[in-house]
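When you get a sec, could you build the whole thing from the sequences and use the hints?
Listed below are the residues making up each chain.
There are 4 protein chains.
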Amino acid sequence: MVAFSDGVFTVALTLLVIDIAIPTLAKGSSEADVMNQLGQQMPNILAFVLTFWVVGLSWLTHHRQFQFIRRYDGRLLTLNLLFLMTVCFIPWPTAVLGHYGEYFTVWVLYAASMTAMGFTAAAVWVYASGRPSLVDHVTPELRRYYAERAVVMPTVFLLSIPLAAVWLTAGQYSWILIFVILRILNYRHRDRIAADLRPLV
Amino acid sequence: MVAFSDGVFTVALTLLVIDIAIPTLAKGSSEADVMNQLGQQMPNILAFVLTFWVVGLSWLTHHRQFQFIRRYDGRLLTLNLLFLMTVCFIPWPTAVLGHYGEYFTVWVLYAASMTAMGFTAAAVWVYASGRPSLVDHVTPELRRYYAERAVVMPTVFLLSIPLAAVWLTAGQYSWILIFVILRILNYRHRDRIAADLRPLV
Amino acid sequence: MVAFSDGVFTVALTLLVIDIAIPTLAKGSSEADVMNQLGQQMPNILAFVLTFWVVGLSWLTHHRQFQFIRRYDGRLLTLNLLFLMTVCFIPWPTAVLGHYGEYFTVWVLYAASMTAMGFTAAAVWVYASGRPSLVDHVTPELRRYYAERAVVMPTVFLLSIPLAAVWLTAGQYSWILIFVILRILNYRHRDRIAADLRPLV
Amino acid sequence: MVAFSDGVFTVALTLLVIDIAIPTLAKGSSEADVMNQLGQQMPNILAFVLTFWVVGLSWLTHHRQFQFIRRYDGRLLTLNLLFLMTVCFIPWPTAVLGHYGEYFTVWVLYAASMTAMGFTAAAVWVYASGRPSLVDHVTPELRRYYAERAVVMPTVFLLSIPLAAVWLTAGQYSWILIFVILRILNYRHRDRIAADLRPLV
Chain C
1 MVAFSDGVFT
11 VALTLLVIDI
21 AIPTLAKGSS
31 EADVMNQLGQ
41 QMPNILAFVL
51 TFWVVGLSWL
61 THHRQFQFIR
71 RYDGRLLTLN
81 LLFLMTVCFI
91 PWPTAVLGHY
101 GEYFTVWVLY
111 AASMTAMGFT
121 AAAVWVYASG
131 RPSLVDHVTP
141 ELRRYYAERA
151 VVMPTVFLLS
161 IPLAAVWLTA
171 GQYSWILIFV
181 ILRILNYRHR
191 DRIAADLRPL
201 V
Chain B
1 MVAFSDGVFT
11 VALTLLVIDI
21 AIPTLAKGSS
31 EADVMNQLGQ
41 QMPNILAFVL
51 TFWVVGLSWL
61 THHRQFQFIR
71 RYDGRLLTLN
81 LLFLMTVCFI
91 PWPTAVLGHY
101 GEYFTVWVLY
111 AASMTAMGFT
121 AAAVWVYASG
131 RPSLVDHVTP
141 ELRRYYAERA
151 VVMPTVFLLS
161 IPLAAVWLTA
171 GQYSWILIFV
181 ILRILNYRHR
191 DRIAADLRPL
201 V
Chain R
1 MVAFSDGVFT
11 VALTLLVIDI
21 AIPTLAKGSS
31 EADVMNQLGQ
41 QMPNILAFVL
51 TFWVVGLSWL
61 THHRQFQFIR
71 RYDGRLLTLN
81 LLFLMTVCFI
91 PWPTAVLGHY
101 GEYFTVWVLY
111 AASMTAMGFT
121 AAAVWVYASG
131 RPSLVDHVTP
141 ELRRYYAERA
151 VVMPTVFLLS
161 IPLAAVWLTA
171 GQYSWILIFV
181 ILRILNYRHR
191 DRIAADLRPL
201 V
Chain V
1 MVAFSDGVFT
11 VALTLLVIDI
21 AIPTLAKGSS
31 EADVMNQLGQ
41 QMPNILAFVL
51 TFWVVGLSWL
61 THHRQFQFIR
71 RYDGRLLTLN
81 LLFLMTVCFI
91 PWPTAVLGHY
101 GEYFTVWVLY
111 AASMTAMGFT
121 AAAVWVYASG
131 RPSLVDHVTP
141 ELRRYYAERA
151 VVMPTVFLLS
161 IPLAAVWLTA
171 GQYSWILIFV
181 ILRILNYRHR
191 DRIAADLRPL
201 V
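Residue numbers (this note's numbering), protein chains in the order written: chain C, 1 to 201; chain B, 1 to 201; chain R, 1 to 201; chain V, 1 to 201.
Simulated from the structure, these hints should not be mistaken for laboratory data.
Model, not experiment: these values are computed from the prediction.
Virtual Cβ for every residue (Gly too), placed ideally from N, Cα, C.
Computed list of lysine to any residue pairs in SDA-like fashion (alpha-carbon distance at most 25 angstroms, straight line):
1. C/K27 to V/M35
2. V/K27 to V/Q40
3. B/K27 to B/G39
4. V/K27 to R/M35
5. B/K27 to C/T24
6. C/K27 to C/Q40
7. C/K27 to V/T24
8. B/K27 to B/Q40
9. V/K27 to R/P23
10. R/K27 to B/I22
Some chain B residues well away from chain R (every beta-carbon gap over 12 angstroms; in silico):
11. A32
12. N36
13. Q37
14. R144
15. V151
16. L159
17. S174
18. I176
19. I184
20. N186
Structure, rendered in structure tokens:
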């Protein structure tokens with residue numbers, strides 16, 4: 001199950017690169033033409049980098065949660081499969097964003113996909129961590145801490161949609177907040193949550 | 001072997017998204033044009049979602065069966081490889097369905113692929129579970145329960161073909177029955193099959 | 001290392017399907033047009049099926065050998081990486097064969113790729129199995145048995161090239177021999193090699 | 001974590017083959033035409049082979065290092081994710097190099113990507129190996145040995161950029177040095193670093 005989720009993440013992350021296009025150059029193009037053509041892939045590359053970090057972060061969170069989730073029932077499996085579906089879907093909105101980032105509609109598609117992925121991940125945690133039959137060593141404090149972490153990303157993306165409606169660029173850069181807020185959360189909980197050093201599995 | 005099967009499933013599931021196209025927009029397209037173009041991918045997205053759930057469900061079933069299959073012989077390996085071939089094949093009929101769902105021929109291709117995948121999975125179980133040299137802790141009851149579960153999906157898809165011949169839309173939506181029937185099976189066997197809580201591996 | 005090899009195999013097998021094309025249909029195409037268009041993908045599908053089985057078989061062989069190979073040195077790693085490179089390469093000749101199977105040149109490309117994959121796999125086994133520092137429980141008999149199995153596939157593909165030069169169709173169907181010869185080998189060694197029942201890992 | 005990295009590597013390696021194109025042949029093409037068309041994919045194939053070995057080598061190095069890294073903290077996770085992002089990115093510069101290898105700009109893109117991948121990998125090792133809380137059994141000597149090995153590849157690629165500016169072909173073949181230098185390093189350290197025989201995991 002964990003191995004399966006890991007597999008979906010790795011493939012989805014690796015597929016992100018597929019939509020960065022190989023330029024088609026006319027014969028006799030100069031070095032400047034080439035540089036220009038490659039430069040036009042910049043928005044695609046930025047979309048690749050942003051998505052890689054958001055999805056990579058989701059994987060980290062997912063992975064940490066599953067250090068506590070030790071058993072599963074049918075509903076958890078279904079929820080987790082729903083979550084993995086949103087992960088598999090991500091390469092498409094990423095590619096669309098890389099090509100047509102100047103449209104508000106495209107940002108809605110991208111941000112909504114990220115929101116769906118994030119809230120499904122949060123639902124997996126909230127569902128499992130509240131059932132002692134499924135998890136081990138989960139204190140109410142730890143449960144809340146991980147739930148807070150999990151909702152940061154989708155909340156920021158959700159709020160970025162109305163923001164982008166009035167000011168597109170601001171909406172598109174609001175993801176920076178995710179990393180800022182997670183850092184603050186980390187800092188606030190550093191004394192309550194024990195040392196972050198964990199055995200490598 | 002289990003890891004190998006898991007790998008094939010993850011990659012196949014993730015490849016499903018590749019055939020959702022990135023629209024090509026003329027310069028100066030309006031937001032309405034973009035929404036329209038993205039909307040035209042809706043059938044592809046629906047095909048992605050449907051296939052994800054059917055294949056995801058097959059993975060769950062496969063995974064559960066292999067909690068009992070503890071040894072293998074040459075024939076089981078061959079059967080399992082045949083099953084994995086049908087899984088690897090799925091992205092193609094899915095993409096064709098997403099593009100040309102209005103044709104009966106296309107539904108035949110899709111439903112037949114699903115039928116082949118489902119019956120091969122059932123064959124793996126029936127073959128292995130009948131050989132005490134290959135499985136542990138399989139009672140006749142459990143054997144039948146999993147066999148019943150395994151044939152639900154391919155049977156529904158098989159029957160959907162003649163149904164689609166007379167009424168295409170009804171045929172194409174008959175997969176809803178799969179989830180209904182599985183739920184009923186679950187309910188009927190809930191007292192006989194012990195608690196569905198299993199250690200997470 | 002084994003997990004890594006498994007991963008390469010799964011992805012390569014799954015990528016095979018990518019080159020089966022989605023037909024482009026004009027508006028108002030009839031069911032017969034659709035069937036016709038899909039039928040034109042038949043050579044691609046056959047190439048997919050053939051390659052799936054040859055590569056799947058290679059994976060089985062590789063997997064069995066690594067039940068005996070318990071340690072590795074630098075040279076084994078390099079050989080294995082060389083082998084994995086030939087596996088990763090396979091989707092290309094397969095796609096070319098699916099599109100232009102009527103050319104002798106294309107068969108040379110395909111058969112040569114398979115030959116390279118097969119002999120590299122055999123080299124991995126011959127190298128490792130001859131070094132007691134790398135393997136456990138390998139008798140000279142077992143060493144020879146696996147070596148014989150490993151060279152069957154590449155030898156048949158190698159010989160298919162001159163055969164295809166004089167009679168293309170015969171060359172292209174000579175892979176049937178692989179499955180026949182392996183079956184005979186299995187039969188001849190059935191008493192010497194102990195029961196084929198192995199724990200599932 | 002290790003499994004995740006392995007997964008990213010396997011998918012990235014396997015994706016490399018996707019950009020080797022399937023030629024489009026006019027009806028009635030001769031065998032010579034086919035050979036000619038396939039021959040035009042030669043630069044793509046060479047780019048595939050070169051990248052496969054450089055990335056494969058990086059995987060080996062990464063894998064060896066993680067035999068010593070037994071625990072992780074937040075910063076190591078972030079560094080490792082950064083490293084995996086550079087790995088996922090590689091198929092794009094490889095494809096561009098395969099298509100337009102005659103441009104200096106393209107070499108800069110390719111060599112810079114490799115340099116980024118290599119130095120990030122080195123950073124992972126330098127960070128982790130200097131913290132006794134993260135690693136086991138790392139002597140200062142071993143730390144230096146692996147650090148030296150890790151910087152060889154990116155340094156050669158970095159220096160190949162100015163070299164390619166004055167003499168493109170020389171720059172493009174300077175990667176040969178990587179294999180030469182690693183071999184010398186191996187030889188020099190053979191007595192200090194204990195036997196290279198390791199259990200297969």
